[in-house]
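A.B. asks: Just so you know, the sequences run in chain order A and B.
Heads up: the first sequence runs through residues 38 to 192, numbered per the numbering used here.
Heads up: the second sequence runs through residues 6 to 186, numbered per the numbering used here.
Treat the hints as calculated values from the structure; they're not laboratory data.
Take the hints with a grain of salt, since some may be wrong.
As the list claims (entries may be wrong) - From the structure, some residues in chain B lie toward chain A, with a derived Cβ separation under 7 Å:
#1 Trp82
#2 Asp118
#3 Arg136
#4 Asp137
Owing to the predicted nature of the structure, the values given are computational and were not obtained by experimental measurement.
Positions of the beta carbon are idealized from the N, C-alpha and C atoms, including for glycine.
Next come the chains, spelled out residue by residue.
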Amino acid sequence: MRRSLVALVALAVLAAPSVVAAARCQQTTIVDLEDEVMCPVCAMPLGLAREAPQARRERAFIAGLIESCRSKDEIKDALVAEFGPAVLAEPAVGGFSASAYVVPLVTGAGILGGVALAFARWRRRTGPGRPPERSVAALGDAERRALEAELDRMR
Amino acid sequence: MMRPLSALAVVVVAGLVLLLGYGVLSNGPTSSITRALAAGERPAAPAFELPRLGGEATARLADWRGKVVVLNFWASWCGPCREESPMLERWHRRMRRAGGTVLGVDVQDVTADARRFIREHRLSYPMLRDRDGESAALFEVLGYPETLVIDREGRIAAARRGPVDEEFMTREIEPLLEERG
């Protein structure tokens, strides 16, 4: 009993620093980062560049920073310092890359415009402003006779 | 008469096609250096200024004007770069006496890895750091390693798109070392 108590205390003392470190260090993960950063030489997100040598080195670099308790933003800053801003998986705001922002906006505006136009046309066809349909009673004699004849022919 | 929705769709599709065309044209590969060299010309080497590897100071390519420069683009993770570096070091020592230098440009690399690479291979030639590959793009570098030989007047005299070998170095560098600027 006494021996197991001593062992328990010893275990707690040994584990304490790592528990404290874990509590102090809000670690991120490579998986969390690799879809937000690029493998610059492979020109694709790091998550897709599995075997490229540069991607492996970049992952090792990130792993080292995670080990040293760096936050996600700090790791991104360190990556920018090493590889430049293009390492972030965000399109540039100028040049052709700006189309990554412009195309969705234009497409969204086009879709909204189309829906609005279609709705307006549908309202015109079925809405309260549409003239009421004429009842049979409102038909003239000639029209009523033609209608009766047509109905007889169909019977 | 075209309906408004169809007209809108045509405009959107035409816009996307134009955008795609512009993207393809603006990102198309250029190989003006290779073409000029194949035509027997020596195009002017593009100017650049880069930080020295592991330091704050910067250096410009023009700082080596008057020397034959073997401009080597490399990265620490690149296997062929590892293989060719002892030869580049040998040639650097040889060229130094005759007014030439190897100038390494470490591209898109982790600085600590690059410094370890230099220590391991005991490289003594000057090293610059191109963190985002801008200078490499100026020289139309598509892979690593690539080496351009620049004459004493700052013109590109030869290019090797891949690792260099003794035959290339002898053929391209020795005549340039004998030229007087």
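A.B. asks: Tell me if Asp118 of chain B is really an interface residue toward chain A, meaning its C-beta lies closer than 7 Å to one of theirs.
C.D. replies: With a closest approach of 6 Å, the Asp118 of chain B hint holds.
A.B. asks: Can Arg136 of chain B be said to touch chain A, with a Cβ gap under 7 Å?
C.D. replies: holds, 5 Å
A.B. asks: Once the shortest beta carbon distance from Trp82 of chain B to chain A is found, is it less than 7 Å?
C.D. replies: holds, 4 Å
A.B. asks: Answer holds if the nearest beta-carbon of chain A is closer than 7 Å to that of Asp137 of chain B; otherwise answer violated.
C.D. replies: Constraint on Asp137 of chain B satisfied, holds at 3 Å.
The structure agrees with every numbered hint stated previously.
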